[in-house]
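Given chain A's structure and the hints, the job is docking chain B onto it.
Residue numbers (my numbering), protein chains in the order written: chain A, 1 to 293; chain B, 1 to 156.
Hints were generated in silico from the structure; no laboratory data involved. Be aware that a few hints might be false.
To be verified - Across the chosen pairs, the derived CB separations fall in these ranges:
| id | chain 1 | residue 1 | chain 2 | residue 2 | range |
| --- | --- | --- | --- | --- | --- |
| 1 | A | 97 | B | 114 | 23 to 29 Å |
| 2 | A | 79 | B | 125 | 27 to 33 Å |
| 3 | B | 135 | A | 22 | 51 to 57 Å |
| 4 | A | 30 | B | 114 | 51 to 57 Å |
| 5 | A | 199 | B | 146 | 28 to 34 Å |
| 6 | B | 113 | A | 171 | 45 to 51 Å |
| 7 | A | 259 | B | 118 | 31 to 37 Å |
| 8 | B | 11 | A | 74 | 49 to 55 Å |
| 9 | A | 75 | B | 94 | 52 to 58 Å |
| 10 | B | 146 | A | 93 | 28 to 34 Å |
| 11 | A | 93 | B | 94 | 39 to 45 Å |
| 12 | A | 97 | B | 63 | 34 to 40 Å |
| 13 | A | 277 | B | 78 | 55 to 61 Å |
| 14 | A | 93 | B | 152 | 25 to 31 Å |
Heads up, the beta-carbon is just placed ideally off N, CA and C, and yes, glycines get one too.
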Amino acid sequence: MSFGSSYLTLPDFEYVKPKSLQEALQFIDQHKDEAEILAGGVGLFAFMKERLVEPRWVVDIKAIKELQTLRDDGSKGLSIGAAVNMNQLLDFAPIKDKYKALHDCISLLSDPLLRNRSTIIGDICEALPYVDGPTPLLIFDTEVEAASVKGTRRIPMNEFIRGVAENALEPNELAAAIHLKPPPENSKSLFLKHTSSSEFSIVNVAALCANPSRPEARTMKFAYGAIGPIPKRVHEVDGIFKRKAPVPRLIDEAIDSIKKSAEPMTDVLAKAEYRSHMLEVLAVRAFRRLLGS
Amino acid sequence: MKVNEVDRKVTIKDNELLLDVIRDKVGVKSVKASCWRGECGICTVLLDGKPVKSCLVLAVEAEGRDVKTAEALAPEGQLSPLQKIFVEKGAMQCGFCTPSFVLTAHYLLSVNPDPTESEIRDYLSGHICRCGTYKQIIEAILEYAKQNKQGKQAGR
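With the rest of the complex left out, here is chain B:
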């Protein structure tokens, strides 16, 4: 499978979850494990560009496919513009869920560049932030959309 643009060859058993293989065999640790039953969203990856919960996907299903995690959002050592705004707005407390929120927010903004607050709430409804920083996360996404719109208008 291709993980963050790099072809990775791993040996797996049929019953292994994509979550475990990404973390333990590929070594990408931004994908976290928590509920293991599709409720918390913390294990989100983009599979062929779409967000899925990797605790409910078999690793073998990802054979030959494209997997992206938060590491793919910006070159190593740098932050994507959305990640920067997450930091500026304090859209995290412990940070454990942040990679998953950022990943889903990136996907949402790629299909809906100017979402309303309720659209953001709806789209993030499969994610849990145990520190309760939802307000700041939503503000960060709205701020990104606003800046992006202004940037586009200024560029015209």
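The shape of chain A in the complex, shown without the other chains:
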């Protein structure tokens, strides 16, 4: 059936389904920008239906064993392969137990049916401002493993997103996995977001706090996204909470440095002023929850 509208159908392309990572890397090395990677397809097919992306080749990576990694190595951290879908992440106990900000984030993404297809690596590669995945990954000091025929390199999450729909991958590279550093002992993390009526995020925040009740040992990590093209980790916040001072004062100081670092944008979803205000609201909420005040 066709109603003649472009968004009902996909443009012509050829489908390839490599069986090994090597085979996939050779293919994208040969075809570069003419090949698009298919993991979950939730973003890719939407863009293709709108004719914003018209690849000659669609490379389905779901059959590649090496990309199905989902492993918690305790003190070494957590590794997630490019073919692992969101529901697999939600069902993986170590993520719920130790990487709660990531679990919170995924459980709020789209809906349970789409999560049977969508992937966290697809989310970050899309690199659109309203994408939520990068923000929790920033507080776990995540690195993206970029693979090509020449080998692999690791790109820190805070250097991975370069602009709207722009990531740090070369045309012959594939984001094969992400690696999260384990949170410190005795820590808690969370993720919060505020969405427009169309359910796109206009602000999101993630925070991780170790030793919340012991000021001398307390540490905080904070990141935000969706308020501008690039999600950010605010390093100035790290040390602020490691002091014996009334918590509300520390929160005020942290909010000051967060707002200084932020460059909120105005777009079709929200005005800059509103984003700035909601960033403050969510950050205060996150700090209060983590500090139990």
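Just chain B now, with coordinates in the frame of chain A:
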């Protein structure tokens, strides 16, 4: 691909969607088409047992795999116990979205036989019923879970 337990051989192009192939080449019409962009859930099928939105799946991805639609829930001409409760509770108005809700509800109940109301709401959040019969749909699923639990207890 196997559709509702029957092996089906169809010739497709690489860019065809599973939704179109199921409807137009396999001829299963309980899978509906509406938004075509993964928002409404009306094109839901079970792919290897898991619910997915077939407007965002390539038909070629389903090669050699198992696809189930609402037709697989009960023998032809009969209703599954959950479908019967949907009818009893009036969990539909126009009925257009009903096969998709029933399919996802079946999956939910198979992994979580006694869901809370909020779990049901969360799990059905990718489905839209334009007539707004959500209340009755949720009641039907709760009723099924209740009857199922009582049945199990009585059987012991």
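Now the hints, each set against the structure:
Residue 97/A and residue 114/B have their C-beta atoms about 24 Å apart, which keeps the hinted 23 to 29 Å range intact. In this structure the hint that residue 79/A and residue 125/B lie 27 to 33 Å apart at CB holds, the actual value being about 29 Å. Between residue 135/B and residue 22/A the beta carbons are some 54 Å apart, a value that agrees with the proposed interval 51 to 57 Å. Taken as a hint, the range 51 to 57 Å holds for the pair residue 30/A and residue 114/B, whose Cβ atoms sit roughly 53 Å apart.
Taken as a hint, the range 28 to 34 Å holds for the pair residue 199/A and residue 146/B, whose Cβ atoms sit roughly 32 Å apart. At about 49 Å, the CB distance of residue 113/B to residue 171/A agrees with the hint of 45 to 51 Å. In this structure the supplied range 31 to 37 Å holds for residue 259/A paired with residue 118/B, their Cβ-Cβ distance being about 35 Å. Taken as a hint, the range 49 to 55 Å holds for the pair residue 11/B and residue 74/A, whose Cβ atoms sit roughly 50 Å apart.
For the pair residue 75/A and residue 94/B, the beta carbons lie near 56 Å from each other, so the given range of 52 to 58 Å is met. In this structure, residue 146/B and residue 93/A meet the distance hint of 28 to 34 Å, their C-beta atoms being roughly 30 Å apart. About 42 Å separates the C-beta atoms of residue 93/A and residue 94/B, a value consistent with the hinted range of 39 to 45 Å. Roughly 37 Å separates the CB atoms of residue 97/A and residue 63/B, a value that falls within the hinted 34 to 40 Å.
Restraint check, residue 277/A to residue 78/B: a C-beta distance of roughly 57 Å satisfies the suggested window 55 to 61 Å. The given range of 25 to 31 Å is respected by residue 93/A and residue 152/B, whose C-beta atoms sit roughly 28 Å from each other.
The structure agrees with every numbered hint stated previously.
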